[in-house]
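Produce the complete structure using the sequences and hints provided.
2 protein chains.
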Amino acid sequence: MKLYRPDEIEKRSFEIITQEIGDIELDAKVAPIVKRVIHTTADFDYLHNLCFSENVINIALEAIKKGVDIVTDTKMALSGINKAALAKAGGKAYCYMADEDVARKAKEQNSTRASVSMEKAAELDKPLIFAIGNAPTALIKLDELIKSNKIKPVLIIGVPVGFVNVVESKELIMKSGVPYIVARGRKGGSNVAAAIVNALLYMAYPRES
Amino acid sequence: MKLYRPDEIEKRSFEIITQEIGDIELDAKVAPIVKRVIHTTADFDYLHNLCFSENVINIALEAIKKGVDIVTDTKMALSGINKAALAKAGGKAYCYMADEDVARKAKEQNSTRASVSMEKAAELDKPLIFAIGNAPTALIKLDELIKSNKIKPVLIIGVPVGFVNVVESKELIMKSGVPYIVARGRKGGSNVAAAIVNALLYMAYPRES
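Top to bottom, those sequences are chains A and B. Residues in the first sequence are numbered consecutively from 1, following the UniProt record's numbering. Residues in the second sequence are numbered consecutively from 1, following the UniProt record's numbering.
FYI, nobody ran anything at the bench for these hints, they're computed from the structure. Careful: at least some of the hints might be erroneous.
Since the list gives no way to pick out one identical chain from another, each pair is judged satisfied if it fits inside one copy or across any two copies.
To be verified - Subject to a maximum C-alpha distance of 27 Å in a straight line, what follows is the list of computed DSS-like cross-link-like pairs (lysine-lysine):
hint: 1; residue 1: LYS107; residue 2: LYS88
hint: 2; residue 1: LYS11; residue 2: LYS147
hint: 3; residue 1: LYS105; residue 2: LYS2
hint: 4; residue 1: LYS147; residue 2: LYS83
hint: 5; residue 1: LYS66; residue 2: LYS147
hint: 6; residue 1: LYS83; residue 2: LYS2
hint: 7; residue 1: LYS2; residue 2: LYS92
hint: 8; residue 1: LYS105; residue 2: LYS11
hint: 9; residue 1: LYS147; residue 2: LYS88
hint: 10; residue 1: LYS2; residue 2: LYS120
hint: 11; residue 1: LYS75; residue 2: LYS92
hint: 12; residue 1: LYS2; residue 2: LYS150
hint: 13; residue 1: LYS107; residue 2: LYS11
hint: 14; residue 1: LYS29; residue 2: LYS2
hint: 15; residue 1: LYS2; residue 2: LYS152
hint: 16; residue 1: LYS107; residue 2: LYS83
hint: 17; residue 1: LYS105; residue 2: LYS65
This is the structure in structure tokens:
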């Protein structure tokens, strides 16, 4: 097999993805996100299931350049986000899932830790991007908090994966009035959430090639 | 939408997966792994692309119960592994990707950090399970180390994802003579690697339902 140099691997991967996408029309603004998600999953379903609210890329890039913080619903998504790129404008990434107070409240309320994590994030009272790759209950809670004016996210990346309440929770977010990037249907994941965040970061801060 | 209680969500998800798999024959030994990967990805392709070497489940469970350590090629896979379950028999999980010495050597050798990480793991000189969800170069290096008798993994979970050298690297591992669980083809990921490890851990230590 032809072994590529480390610095060539990603470039060559994106060339192959672009080639296989072929003639399918892809909005130039969202193409880097769609391609990075396919790069992360090798799953071309994301060509069709990723949904973007109007003008969402401009909104996201502007917020990133102002140092917006990011809240995730898994440690996996948190660890996949390029924190060095995010820090360029002072942005930080948080995940409250392992916090003791979150675990305690979730148990008390017979709720999920993801749901309680969103309540905790709402208390930050600052512009936030939510990157939700696992828990539909996080999206359901965000929708509730939006409706009761307790939170107004800059952007919700809504890509939980799974079989229970996942499809419906994503539809809720797409009707919430908040800017969104959503993987419609069952697919998604922490890796997909991190890939979307990183695609946005690399659009905000183009890397040397 | 019917909201399930937190403790019901996973159970209900597995019921749906089992139902949708339907009549497709699935070896009882490997079924928990295949189902957990589908649970993690919502991608039924894994019904067909997961390959298991002979007797690999017994080998893996025995090693886990003896406290085998696990080496991953990403922080994401590391953070997805259930460390509490692994620790029951004294097992630990490692990822060397962010180590300074690894970064330096990779640069010097124009190699990947994943490849150098495998060399570093070989120096541990103890029984190891490798959970590789990202880097084909990790698998290629493992194959080299196996051929030169520098390492003898208990099990290689070979599920890197992508478009460059990925397919071929997995085929190498399937011919290496080492017990393997491989996602044949392009698909896989850090999430898939962690899901397979966790499925094995939950087989070794059944959770209360």
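Tested hints:
{"no.": "1", "hint": "LYS107 <-> LYS88", "result": "between (37 Å within a copy, 24 Å between copies)"}
{"no.": "2", "hint": "LYS11 <-> LYS147", "result": "neither (43 Å within a copy, 30 Å between copies)"}
{"no.": "3", "hint": "LYS105 <-> LYS2", "result": "between (54 Å within a copy, 22 Å between copies)"}
{"no.": "4", "hint": "LYS147 <-> LYS83", "result": "neither (31 Å within a copy, 38 Å between copies)"}
{"no.": "5", "hint": "LYS66 <-> LYS147", "result": "within (26 Å within a copy, 52 Å between copies)"}
{"no.": "6", "hint": "LYS83 <-> LYS2", "result": "neither (32 Å within a copy, 37 Å between copies)"}
{"no.": "7", "hint": "LYS2 <-> LYS92", "result": "neither (39 Å within a copy, 35 Å between copies)"}
{"no.": "8", "hint": "LYS105 <-> LYS11", "result": "between (46 Å within a copy, 22 Å between copies)"}
{"no.": "9", "hint": "LYS147 <-> LYS88", "result": "neither (32 Å within a copy, 44 Å between copies)"}
{"no.": "10", "hint": "LYS2 <-> LYS120", "result": "between (50 Å within a copy, 25 Å between copies)"}
{"no.": "11", "hint": "LYS75 <-> LYS92", "result": "both (14 Å within a copy, 18 Å between copies)"}
{"no.": "12", "hint": "LYS2 <-> LYS150", "result": "between (54 Å within a copy, 24 Å between copies)"}
{"no.": "13", "hint": "LYS107 <-> LYS11", "result": "between (46 Å within a copy, 18 Å between copies)"}
{"no.": "14", "hint": "LYS29 <-> LYS2", "result": "neither (33 Å within a copy, 36 Å between copies)"}
{"no.": "15", "hint": "LYS2 <-> LYS152", "result": "between (49 Å within a copy, 26 Å between copies)"}
{"no.": "16", "hint": "LYS107 <-> LYS83", "result": "between (31 Å within a copy, 21 Å between copies)"}
{"no.": "17", "hint": "LYS105 <-> LYS65", "result": "neither (34 Å within a copy, 34 Å between copies)"}
Violated hints, in rising order: 2, 4, 6, 7, 9, 14 and 17; the structure is consistent with all others.
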